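**Q** Since each chain comes alone in its own frame, lean on the hints to assemble the complex.
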Amino acid sequence: MSTNLNNNNEVSFVPPFLKKIFEYIKSTPVWKSIFRVGYPDTMPKRMAVMRSSFYMHIFPTKVGMHGMKIKYGWCMGGITFFLFLLLTITGILLMFYYVPEEHRAYNDMKDLRYVVPFGMILRNMHRWAAHGMVFTVILHMIRVFYTGSYKPPRQFNWTVGVLLLLLTLLLSFTGYLLPWDQLGFWAVTVGTNMASATPLLGYEGPFSKYLGIQIDNDIRFALIGGTRIGPNALIRAYVWHCVGLPLIATALMIFHFWRIRKDGFSGPM
Amino acid sequence: MDKENEFEKRVSRRRFFNITGWTGLCAFLGSSGVAGARFFYPKILYEPASTFNAGRPEEYTAPAGNERVVVDERWKKNQRVWMVRNREGIYAVVAVCTHLGCTPNWFPTEVRFKCPCHGSNFNPEGEVIAGPAPEPLFRARIELAPDGSMIVTTGLLGIRRANLQTQKKTLGVFWTEEEKEVIWKPPYFLQLKA
Ligand code: HEM
Ligand code: FES
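Protein sequences appear in the order of chains Z and X. To convert a position in the first sequence, counted from 1, into the working numbering, add 27. To convert a position in the second sequence, counted from 1, into the working numbering, add 1450.
Chain X on its own, in the form it takes in the complex (with noise of 0.2 Å):
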């Protein structure tokens, strides 16, 4: 009898029903809220794959004269990527600006890629020269197939980012050395006889 009074003291009826009805409130709106949030999250996309086959590296004429490089343009519309043919070899350079994602064009007389939304500049290897892009146009990942044609993957597991692997404080708008190791060898670039 008196125990049950002093409980009844402690917790009454009103504060227990107080508590337990506020906390499922919060707990019904809590959930309800991540589930909202979680439903914006899709779990499957419709994008297009991020690998195709860009055909044999002989397709792709190598630069004469005093050129640096032939850009090839062939795949910038479907695949936003862009051939770079130069005279030790050939990569990939993701058509996409660092800065904030528009497609530059290529110029051919310039030697330079230029964005047209914020006027970044990129060399042929896809430093920048001038704007705002932070840091070097990506590279996407080169293989060959068995029939000598070359697979090339522009999604986040094809594409190397500048300053992702290597975690420096300050944007390198120029390849780094240890960069340079890397985007020169495959699968970043293929080597071809002359």
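Here chain Z stands alone, though its shape is the one from the complex (with noise of 0.2 Å):
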């Protein structure tokens, strides 16, 4: 027979040599700074394994049942935020391709779709994703308020949510100038325009001409850097589009996860 029992009388089948390997792995700093519970078979080695790593550590150490359970909201934040990183990733793709000039963008879209290798799908995904993440942060906030989840304490929640879809619906704007079509070009000459009625800060807007503010000087001038959609409005489109506002969301969403795990959830999702 050549069985060996263990501290513990157990039958153990593993050969002594390869037991050896597994002790001198798991006594690597490396190892131990990767596992630093050891197997988590209570809750306090539980509760550690959340708390000590980084990427656990937004999770509360406890969730009580009622906080796993998916109910009628299918999880629409959770959904929303894996639209985010699915738009991250696709829109890095993307921009290996597309260039924001007036004579190449939209004959970019045009390649992306017909010559470049999955460029198609890609672009699809990127899209679709794009008009879905609108659709779910809406069906999210509705959720939140019909579980009366805005209220205290998840009161400042709500408001960085309310900054969240505010910042989704601007990367939705800025998104739809980029493939320089008519659709887009026209959709943003009108908002841009609506712009130009901001109370004191658009030129026709009200109060504003008490400020002395015209056409060359008004926030849609800031917006779309000059006075008409052209290059110029294209290349701030794309800046907001690619950098300055998902960085600004990822920032707010990185504040919003911890704000629940703080808070706890308010029922199930």
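Keep in mind the hints are simulated off the structure, nothing from the lab. Since we're looking at a predicted model, the values are computed, not measured. Treat the hints with caution; some may be incorrect.
Derived pair list, reagent style DSBU-like, types lysine-lysine, alpha-carbon separation capped at 35 Å [claimed, not checked]:
1) Z:Lys236 <-> X:Lys1526
2) Z:Lys46 <-> Z:Lys89
3) X:Lys1635 <-> Z:Lys236
4) Z:Lys137 <-> X:Lys1564
5) X:Lys1526 <-> X:Lys1635
6) X:Lys1564 <-> X:Lys1527
7) Z:Lys72 <-> Z:Lys59
8) X:Lys1527 <-> Z:Lys289
9) Z:Lys98 <-> Z:Lys178
10) X:Lys1635 <-> X:Lys1564
11) Z:Lys289 <-> Z:Lys72
12) X:Lys1564 <-> X:Lys1459
13) Z:Lys89 <-> Z:Lys53
14) X:Lys1527 <-> Z:Lys137
15) Z:Lys59 <-> Z:Lys289
16) X:Lys1459 <-> X:Lys1493
17) Z:Lys89 <-> Z:Lys178
18) Z:Lys96 <-> Z:Lys289
19) X:Lys1630 <-> X:Lys1527
20) Z:Lys236 <-> X:Lys1643
21) X:Lys1459 <-> Z:Lys236
22) X:Lys1493 <-> Z:Lys59
23) X:Lys1526 <-> X:Lys1493
24) Z:Lys178 <-> Z:Lys72
25) X:Lys1526 <-> X:Lys1459
26) Z:Lys137 <-> X:Lys1526
27) Z:Lys289 <-> Z:Lys98
**A** Dropping the structure here:
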């Protein structure tokens, strides 16, 4: 019989030399710095796992059963976040081919569609996920409203959420111009002309004439970098869309999730 | 000695550094904010010129039979202007919808401009006859060059806006009497011999 008995008098089928190797690996600093608390077989150890891991620490150390239940809300906030990640990845890939320049933008979209390998699915993923994110973020907001989760102590996260909603809409708006097609061009013409009706800040808005606001120094001018939608508007939309807004959104999401962890889930998602 | 102590009491070292420190920080952040905002307002624009030579008036056909006007679309794509010839002369209508800035289209059979964005309709004089547009289509300035060709100015200085001049409360969808005084005279209208 070649079975050997270990300390607990249990039969082990692992040959001694493998065991030695395991023991060695477990004693290395690398292993120890990844698995700090050992096998999480007790409640304190399980909680320590959550607390000491960078990736896990945004979760609560203990989650009530009700918080894990997915009900009619389908974890819409989670789906929204998933779509944001998808948009980030597909967006970065699109940036390798798309050039935000008057004469190239539309042709680059055509190239993505017809000649870039997997370009069509890439672009469609980005576009559909963008539409989807607007949809899911609104559903998420509705869920939070109907479950009363905006009430104290979560009122502050609702405020962060409103900013995230705004950022989602702005990302959608700036992205819409980038194909430089008729749809985007006129949508952004109309949208930025609405900005010119802003009170005080827009050249067509109420009271702005008392501040000396003109077409070439109002808020619309700052948004599109000129008096009409042109190359400046395109590059501005591009930089806001690809860098500025995602960075702000990411910072706010980190804050949003940290707040959820601090306040705890209000109930089934 | 005593005086110094008294000063120390009123403004302690800690308080002094507190005030100067925060003042400095606020001044820094404030001026950075202003500078950051200023950054977004370009000083120079590379936009198309707002004047162009539209050729001689004789190159535009006059209305015949019971036609009210002839709308010439040759400059629409590049300059966003229609040259409109009526029985008395010629005027330039800016092809920018006064609602939210789309480009309307000219429908000769219906004798009206229609905007594809939200359906504003304008008559050949530019007056709003349907839809959300709050004022008539703008007129561009026409001046005659020495060689007899028309110099059209579509930029800020060349555009005749309805409600900018007459500070009236209700938005004029049709030209008002004062506006009519202006738009049917040079530089917004070029009288031609029939
Ligand atoms: C970029 C957009 C957003 C993302 C990625 C996001 C993500 C999330 C996630 C993952 C949760 C966890 C619970 C769940 O999935 O239902 C959550 C909870 C929450 N969200 Fe959002 N959210 C966004 C926008 C919003 C908006 C627009 C609001 C409301 C104005 C909002 C308010 C809240 C509140 C109050 C909670 C706590 C709800 C609870 O504990 O039951 N969020 N969010
Ligand atoms: S932009 Fe022409 S009707 Fe709205």
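**Q** For each hint, tell me whether it holds in the structure or not.
**A** A quick look at each hint next to the structure:
no. : hint                    : verdict
1   : Z:Lys236 <-> X:Lys1526  : holds, 31 Å
2   : Z:Lys46 <-> Z:Lys89     : holds, 34 Å
3   : X:Lys1635 <-> Z:Lys236  : holds, 27 Å
4   : Z:Lys137 <-> X:Lys1564  : holds, 30 Å
5   : X:Lys1526 <-> X:Lys1635 : holds, 23 Å
6   : X:Lys1564 <-> X:Lys1527 : holds, 16 Å
7   : Z:Lys72 <-> Z:Lys59     : holds, 15 Å
8   : X:Lys1527 <-> Z:Lys289  : violated, 58 Å
9   : Z:Lys98 <-> Z:Lys178    : holds, 20 Å
10  : X:Lys1635 <-> X:Lys1564 : holds, 26 Å
11  : Z:Lys289 <-> Z:Lys72    : holds, 20 Å
12  : X:Lys1564 <-> X:Lys1459 : violated, 77 Å
13  : Z:Lys89 <-> Z:Lys53     : holds, 27 Å
14  : X:Lys1527 <-> Z:Lys137  : holds, 23 Å
15  : Z:Lys59 <-> Z:Lys289    : holds, 28 Å
16  : X:Lys1459 <-> X:Lys1493 : violated, 51 Å
17  : Z:Lys89 <-> Z:Lys178    : holds, 22 Å
18  : Z:Lys96 <-> Z:Lys289    : holds, 19 Å
19  : X:Lys1630 <-> X:Lys1527 : holds, 28 Å
20  : Z:Lys236 <-> X:Lys1643  : violated, 41 Å
21  : X:Lys1459 <-> Z:Lys236  : violated, 51 Å
22  : X:Lys1493 <-> Z:Lys59   : violated, 59 Å
23  : X:Lys1526 <-> X:Lys1493 : holds, 28 Å
24  : Z:Lys178 <-> Z:Lys72    : holds, 33 Å
25  : X:Lys1526 <-> X:Lys1459 : violated, 76 Å
26  : Z:Lys137 <-> X:Lys1526  : holds, 26 Å
27  : Z:Lys289 <-> Z:Lys98    : holds, 22 Å
Of the numbered hints listed earlier, those contradicted by the structure are 8, 12, 16, 20, 21, 22 and 25.
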